[in-house]
Amino acid sequence: MNIFKTTGDILGCRDGDLAESSLHSFFTLAKQVRMQLGKRGYLLDNYLSLFFEAVNNSLTTDTSEEGMGSAETYQALCDQVLKNTDLQGGSPFAAKLGDILKEHPFISSFQESDTQRELLFAFAADIFLDEAVTQFFTEQKDSMSNTLDIIKLGDLYRQIEAIVGEPMAETLNLRLKQTFLIAPLAAVFRQAFTHSLLFKLTHRDSETSRQVFQLLLDNFAPPTEAGTSLP
Numbered sequence: 001m002n003i004f005k006t007t008g009d010i011l012g013c014r015d016g017d018l019a020e021s022s023l024h025s026f027f028t029l030a031k032q033v034r035m036q037l038g039k040r041g042y043l044l045d046n047y048l049s050l051f052f053e054a055v056n057n058s059l060t061t062d063t064s065e066e067g068m069g070s071a072e073t074y075q076a077l078c079d080q081v082l083k084n085t086d087l088q089g090g091s092p093f094a095a096k097l098g099d100i101l102k103e104h105p106f107i108s109s110f111q112e113s114d115t116q117r118e119l120l121f122a123f124a125a126d127i128f129l130d131e132a133v134t135q136f137f138t139e140q141k142d143s144m145s146n147t148l149d150i151i152k153l154g155d156l157y158r159q160i161e162a163i164v165g166e167p168m169a170e171t172l173n174l175r176l177k178q179t180f181l182i183a184p185l186a187a188v189f190r191q192a193f194t195h196s197l198l199f200k201l202t203h204r205d206s207e208t209s210r211q212v213f214q215l216l217l218d219n220f221a222p223p224t225e226a227g228t229s230l231p
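Numbering of the sequence shown is given in UniProt numbering, commencing with residue 1 and proceeding in unit increments.
Bear in mind the hints are in silico, worked out from the structure with no lab data behind them.
Errors might be hidden in some of the hints.
FRET-style restraints, in silico, Cβ to Cβ [what the hints assert, rightly or not]:
id : residue 1 : residue 2 : range
1  : Q214      : E103      : 16 to 22 Å
2  : F27       : D114      : 51 to 57 Å
3  : L59       : F199      : 35 to 41 Å
4  : L198      : M35       : 15 to 21 Å
5  : F180      : D130      : 26 to 32 Å
6  : T61       : S109      : 38 to 44 Å
7  : A221      : E166      : 18 to 24 Å
When the alpha-carbon atoms are kept at most 20 Å apart in a straight line, the in silico EDC-like pairs for lysine to aspartate or glutamate are as follows [claimed, not checked]:
id : residue 1 : residue 2
8  : K83       : D99
9  : K5        : D142
10 : K5        : E53
11 : K152      : E65
12 : K96       : E131
13 : K83       : D62
14 : K141      : D79
15 : K5        : E161
16 : K152      : E166
17 : K5        : E131
18 : K102      : D79
19 : K31       : E166
20 : K96       : D45
21 : K141      : D45
22 : K39       : E161
23 : K31       : D9
24 : K5        : E139
25 : K31       : E170
Ideal Cβ positions, reconstructed from N, Cα and C, are used throughout, including at glycine.
Using the sequences plus the hints, can you model the full thing?
Below, the structure is given as structure tokens:
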């Protein structure tokens, strides 16, 4: 099975265990594959070249900044809604944020606007993150489509597999993932967004001297019979 069948696989959106793999062990395997390919060793060279260029297309530092920036955009929306709870236009989330304020009036009971904003953001964080990751994934797929011929990559894989066999071809792809996709872009984006969320959860309300995560726990609905909690 080709684990790099789509651009999503290369972006790392199918999270799995990331086993450690050294560069030496990778090249040892790659050498074995090339030797088995014989005169068609160029297939491996072309395959690796395409893969390396695709992975190196976007830097994790840029992705991290995008994740943080996305969270700040949603934070600004929370500020707008708090200043006008009747705000319905612009973002599709405006109405949802207004509903959250109505469902959880304790948010507006705090004197500090920063505390209100962080609480509102926390209640909407799952929705924000889902939308942000979806948008990021779409943008990265479009960007990668301009630099990677995924059809050619798949064709090269099939040619290599036909010669060296499925087990070795699969091991090659797995080793590529372990060695060069240590921090998939989708995971980096989520982590950066989550870092921004953590800053909000640890914000300390000057009125109560309690952190936002404590205020959430104070007002969070108790577990249901099914064992889950509903905000």
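Looking at the structure, which of the earlier hints fail to hold?
-> 3, 4, 7, 11, 13, 14, 17, 20, 21, 23
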